[in-house]
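Enquirer: Chains as they are written, first to last, in our numbering: chain A, 1 to 289; chain B, 1 to 306.
Honestly, the hints are just simulated from the structure, not real lab data. As the structure is a computational prediction, the values presented were derived from the model and not from experiment. Don't take each hint at face value.
Stated by the list, open to error - Computed list of lysine to aspartate or glutamate pairs in DMTMM-like fashion (alpha-carbon distance at most 25 Å, straight line):
(1) B:Lys114 <-> B:Glu96
(2) B:Lys290 <-> B:Asp174
(3) A:Lys218 <-> B:Asp206
(4) A:Lys245 <-> B:Glu273
(5) B:Lys188 <-> B:Asp217
(6) A:Lys241 <-> B:Glu27
(7) B:Lys101 <-> A:Glu264
(8) B:Lys104 <-> A:Glu264
(9) B:Lys190 <-> A:Glu191
(10) A:Lys271 <-> B:Glu100
(11) A:Lys274 <-> B:Glu96
(12) B:Lys101 <-> B:Glu112
(13) B:Lys183 <-> B:Asp221
The chain contents come next:
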Amino acid sequence: MKQLKRLKNMLLGEEKQKETDEQVQQSESEIETKSKETVTPKSEIENRETDPKQEQNESKEAEQGLEPASPKLIKEEPKEAEEKVLKVPKKVEEKPKTTRSDSMTLLEGRDAETITRAEIDVNFKQAVIDAGAETLSLCFQCGTCTGACPSGRRTPYRVRTVIRRALMGFKDDLISDDSLWMCSTCYECQERCPRGIKIVDIVKIARNYAAQAGYMAKAHKMTGSYVIKTGHGVPINDATKALRKRVGLNELPPTTHEFPEALEEVRTILKATKFDNLIGYNWETGELE
Amino acid sequence: MAFAYFLGCIMNNRYPGIEKATRIMMENLDIELKDMEGASCCPAPGVFGSFDLTTWAAVAARNITIAEDMGADVMTECNGCFGTLFETNHLLREDEEQKEKINKILAEAGREFKGEVNVRHFAEILYNDVGIAKLSEKVTNPLNLNVAVHYGCHFLKPSAEINIDNALKPTILDELVEATGAKSIPYKDKLMCCGAGGGLRSRDLDVTLDYTKEKLDNMTDAGVDAIVNVCPFCHLQFDVGQTEVNKKYGTNFGIPVFHLAQLYGLSMGLKPEDLTVDAHQVCVDSALEKCSLEDIENLDKITGGE
Ligand code: SF4
Ligand code: SF4
Chain A
1 MKQLKRLKNM LLGEEKQKET DEQVQQSESE IETKSKETVT PKSEIENRET DPKQEQNESK
61 EAEQGLEPAS PKLIKEEPKE AEEKVLKVPK KVEEKPKTTR SDSMTLLEGR DAETITRAEI
121 DVNFKQAVID AGAETLSLCF QCGTCTGACP SGRRTPYRVR TVIRRALMGF KDDLISDDSL
181 WMCSTCYECQ ERCPRGIKIV DIVKIARNYA AQAGYMAKAH KMTGSYVIKT GHGVPINDAT
241 KALRKRVGLN ELPPTTHEFP EALEEVRTIL KATKFDNLIG YNWETGELE
Chain B
1 MAFAYFLGCI MNNRYPGIEK ATRIMMENLD IELKDMEGAS CCPAPGVFGS FDLTTWAAVA
61 ARNITIAEDM GADVMTECNG CFGTLFETNH LLREDEEQKE KINKILAEAG REFKGEVNVR
121 HFAEILYNDV GIAKLSEKVT NPLNLNVAVH YGCHFLKPSA EINIDNALKP TILDELVEAT
181 GAKSIPYKDK LMCCGAGGGL RSRDLDVTLD YTKEKLDNMT DAGVDAIVNV CPFCHLQFDV
241 GQTEVNKKYG TNFGIPVFHL AQLYGLSMGL KPEDLTVDAH QVCVDSALEK CSLEDIENLD
301 KITGGE
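Using the sequences and the hints, build the whole thing.
Expert: Printed below as a string of structure tokens:
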């Protein structure tokens, strides 16, 4: 009897789940049409390019529970949609908290950090796929990648969540996450992924978006600027020149170091792809802005 | 046999002994190395690929066109350069759309990627084109060393595209190392990354050093005399990084580091100072003494790492 009851509960539960799923799906398509009218990823990127700092300030304000001074059009619409359809999870939130969880400081302020559907960029998944990660949709969240990851063993970086967030379209959450840069691109995850997903490519694509949005470390911009200046990420120095001479090699290697016209070619390419703008390189001063 | 010799950055601009050893060794093996005049940074797969994949592929493709003009396959002895050039070559050969996009950019610099050459790794050329038998014949000073082989990440992986050896259980480097008379010692998590790649070293040195320390601990437990690598960036990480680990953790690691080309140089009787091993941050004398090579004059340690 007990088993029967459990079975019945399960079935009922499943049906409820189905309903919710349908609702959610409906809502997804609603959001999709709505945000298609309002957002294109390009315009979003342009917004960022113009002022990434403002963006950061805004999110900081949001963390403190303040409304940003000029809330963006893009985000308003889906918020309405979310309230309409996401009644189920809301109910869960209303449950009174136990005293135990109240006393857990780690949980304090978590509500403000909860990600909602409003933050979904419905175009992001496709954008990542179009950028060369056709395999993205195959992920079934088994976690093998994180289990293999040497970075995850010592940092808060969890590669499985990178894939999930790319799939879900949690673009802002993903690209503003510092831990995204903790991957050493060692391919241990990719070698073991049972779905053959090109995980490292997805990490790099996410980082490309992060870089465009202004989340690029100074040290990385410096490496970029060395290539603009010399053609080399690690340019020669006096000590190595002396060492090269000592062993009978030319002081300068036969690279862009020796051939200035070759360096010009490299610079032409870096200008054509707007890499100079990306890192904020000032051609006149040779410095980063 | 002739190859377009791609230098990259760290080897030629920090550890020229690796380049010197390679040039002499290849001459010894009747393989001609032609300079790729005007080549640039590959650019680094983790760092540049993370900034902008289009820029990364365009600069890499330009480097490949230099080899195409020379009509020779590319040889590199850096895992990072290999990763970048191999992947770009593979991508642009497979994907017409990408090729067109990149060629539009290259056209501004008066170049065109055609997809006519292959990108090869030095160690793989030694193994497949020269062969262990011929290499063993050239060894005049068999090395009495217990070695921790470090494969690095961008040599065999991603194995779906790079088909050199089983990426989870490789033997290629162990066999190459043992051809010099040295012994490859198994150690825990041997295939783990050194920690330098992906822009991690420049962005968060603490995380990088934590990786490196784990590797050094495991190598030390196995009781090795030296570390052998096939990537100047891993080389730098084990050399410069080892001193940084010692500083940060108060440890006392002192395991000599050799690139495979330097190891072969020693086994073929080159003088240690021609391999610039005297300029390494971690003193290599213990390894040289064990190989009963003359102790070398202790010159200033001048190789810096960035
Ligand atoms: S190993 Fe592959 S399928 Fe599993 S969670 Fe990671 S990316 Fe997804
Ligand atoms: S490539 Fe990056 S995400 Fe994958 S295992 Fe290595 S460090 Fe982790």
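Enquirer: Each hint should be assessed against the structure and marked as holding or not.
Expert: Hint-by-hint comparison with the structure:
Annotation: proposed proximity of Lys114 (chain B) to Glu96 (chain B) holds, straight-line Cα distance about 11 Å (limit 25 Å). Between Lys290 (chain B) and Asp174 (chain B) the CA atoms are separated by roughly 20 Å; this keeps the pair inside 25 Å, and the hint holds. A hinted pair counts as satisfied when its Cα atoms are at most 25 Å apart, and Lys218 (chain A) with Asp206 (chain B) qualifies at roughly 16 Å. This hinted pair checks out: Lys245 (chain A) and Glu273 (chain B) have alpha carbons roughly 12 Å apart, not beyond 25 Å.
Between the alpha carbons of Lys188 (chain B) and Asp217 (chain B) the distance comes to roughly 9 Å, so the proposed pair stays at or under 25 Å and holds. Straight-line distance between C-alpha atoms of Lys241 (chain A) and Glu27 (chain B) comes to about 23 Å, which keeps the hinted pair within the 25 Å bound. About 20 Å separates the Cα atoms of Lys101 (chain B) and Glu264 (chain A), which keeps this hinted pair within 25 Å; it holds. Taking the CA atoms of Lys104 (chain B) and Glu264 (chain A), the gap is about 17 Å. The hint holds against a cut of 25 Å.
Restraint check for Lys190 (chain B) and Glu191 (chain A): the C-alpha separation of about 15 Å stays at or below 25 Å, so the hint holds. The suggested pairing of Lys271 (chain A) with Glu100 (chain B) holds, with an alpha-carbon distance near 18 Å, which does not exceed 25 Å. With a C-alpha separation of about 23 Å, the suggested pair Lys274 (chain A) and Glu96 (chain B) falls inside the 25 Å cut-off, and the hint holds. With a C-alpha separation of about 11 Å, the suggested pairing of Lys101 (chain B) with Glu112 (chain B) holds against the 25 Å cut-off.
Between Lys183 (chain B) and Asp221 (chain B) the alpha-carbon distance is near 16 Å, which keeps this suggested pair within the 25 Å criterion.
Consistency note: the structure conflicts with none of the earlier hints.
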